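Letter by letter, the chains look like this.
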Amino acid sequence: MTEQKARSDALVKFFLTPEVTSIIPVVVVAVAATVLNPIFLRSSNLLTLASSLIASWGLLAIGQSFIIISGGLDISIGTTLSFAGMLFCFLARSYQPLFLCILAVVAVCLTMSMLNAMLILKFNVTPFVATMSVSYVSKGLANVVNYGADMSLAYGVRDSVLRFCDVFSVKPLGVSIGAFTFIFLILFSQFILQKTAFGRKIYAVGDNPRVARIAGIRVARVRAACFLISGLLTALTTILWVGYYSGCTPTQGNPWSLITIAAASMGGISLKGGTGSMFGLLCGVILMALVYNLITLLNVDANIQNIFIGVFLVLSLVLDTIRREKTLGKNI
Amino acid sequence: MTQNMKKLLRRHETLIFFLLVFIWCSLSIINRNYGTVNNLCAILKTMSFYGIIAVFLSFVIIGGDSDISTGASAGFSAVFGTALMLETNCMGMLGTPNEWIGIVLCILISMAGGLLIGAGNALMVVKMKMPPFIATCAMQYILNGLKMVITHGAYVYPLPNSLIGFVRQGVPLGTAKVSVIFFLFLLALAAAYIVLTFTTAGRSVYATGSNRIMASLSGINTDLVRFRNYMVLHAVVAVVGILNAGYIKQGAPSIAQEWHLTIMAACAIGGIKFSGGAGNMIGLLIGTFTLFSINSAIAYIGINTFLQDVFVGVVLVVVVVSDSIRSNRKVKA
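For the record, the sequence lines run as chains A and B. Oh and the first sequence: position 153 is 153 in this note's numbering, straight run, nothing missing. Oh and the second sequence: position 162 is 162 in this note's numbering, straight run, nothing missing.
If you're looking for bench data, these hints aren't it; they were derived computationally from the structure. Be aware that a few hints might be false.
[Stated by the list, open to error] Covered stretches of chain B, as calculated for chain A (at least 3 residues, CB under 8 Å):
1. 18-32
2. 121-130
3. 146-156
4. 264-274
5. 304-310
[What the hints assert, rightly or not] Listed below are the simulated EDC-like cross-link pairs for lysine to aspartate or glutamate, each with C-alpha atoms no more than 16 Å apart in a straight line:
6. Lys127(B) - Glu325(A)
7. Lys272(A) - Glu325(A)
8. Lys129(B) - Glu19(A)
None of the values given here were measured: they were computed from a predicted structure. Even glycine gets a Cβ: it sits at the ideal position worked out from N, Cα and C.
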């Protein structure tokens, strides 16, 4: 009897692993999409999906995951992307050389992420409040750059910038460079998280900071490093997106902060920190992208999209709770 | 005496109060129109819509949770309540002297809807143990969607005249008038102050927020406290939503959509601790007033109005940092 119970327990645990629980809805949504609208399976649709959605907030979600696993949260990465993107366009349109634009983007993203880290780690501000304050600053600055108007890189810029944007019209295998970067970074991050001492420290810090400190891990330093990684990834995403889009709008990334959190949470990265993997995140990102795509293809009222996303978020959170109770045996 | 003075000077409210005085003094010098009754009344009116919600959000935050679906909830109720008035002709009393009874009935039904929304949030946060921020974020998406389903994005109008008349009235003060909404805000503040300071219910909110396990061990039903916080918040939010619709004379789907962060900011500047268990209503009043004084100041200085967000962000950063420095000092002492 005990053996049988152990086996069924193992089965339950298997189905509750983040990868499995997030692959199932991916498959369900994909099948539903194919049945409901055959256009879904066309390569053009899938490739656009990979090039635009996944390459934009998918990349951001990797940085967000690092922060969440280490026990933090960042709702300012989207607005930081907006500001950095607008600054890139502004500098480019002022005939500044390409390297200066890129340098400015990196500087802005790193400053914002370090500001977050300082507020949270040095001054003990709740991550939500700290990043909310920073998101106000970057949201405002993004609008200040061009008085709330969009900026295009199609004209009035140096040749180097034009050539830079041209690079992104090259699509090997039909997908944008951003999508390749995303896949590469997922694999690389998974390697860091699983196979390096630093990666294991991130999990330890997120799971129980006090125990981690007693075990000799410099908690604040690990957490700050996670913010730094996220800042670098935000900079990379900004550069890729601005190049792909050949311009930027001041509200470009604002909704993406929450979408990345939702994707991470659906991919089994618990918002309580310390668990989750990059393959789970991959499933979460694909799932969110599919849901968006399906809703668009079904010609559903754009407003009903919101309801779907809300319901999906709730479902992912319920799953997270069940998973924690079953697999970790933790009474949270 | 000097000890007391020192204590008073170290308080969060004092710091914010000095900031407020500084803003008003310097802005009055920069622009003669800033320090006038007209501007004061305009600020009081705008801040009161946000402030009433902030008062009841404070209960949730002091109780150790948070809620970012307030804006969406207000917008939903604004559309839902006004559509209800329009469809039922104020329960068949439109145009009669009893019109206000119909309006009150419609508001009560919306409040019941608000209670349901609050119960939904509380269910997710308290019973299913989801992180409050992300659970209410989901609720925000759902409400924003539902709101559009009701009206298909159209504006709901014309609204009954007695509703518009009620919201837009005020007590004359010089050349301007103090909006009735401000008095509702004061009423909410006073009620919240009394409940938080003098009643068992209020003390149990603080207890739940500062240490939930200790609170439940000492016999407080913490789940009940947290459910109550959420439900009361959203019932009040429903009323504010409808009042705001009345003020702009139509149930616009865009009402309050972006309010949640501003309301959070008002609470943060007002000294309501996001870690739970601390904060008071006097601080909240000063904080809300300061936040909206800053917003108004940006407009009066005549610089890029998009700097409003930046300024609010900077003030938030300064406030939370100074708060943490002071609480660290207290721990050491």
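Each hint tested on the structure:
no.: 1; hint: 18-32; verdict: violated (count 0)
no.: 2; hint: 121-130; verdict: holds (count 4)
no.: 3; hint: 146-156; verdict: holds (count 6)
no.: 4; hint: 264-274; verdict: holds (count 4)
no.: 5; hint: 304-310; verdict: holds (count 6)
no.: 6; hint: Lys127(B) - Glu325(A); verdict: 13 Å, holds
no.: 7; hint: Lys272(A) - Glu325(A); verdict: 13 Å, holds
no.: 8; hint: Lys129(B) - Glu19(A); verdict: 22 Å, violated
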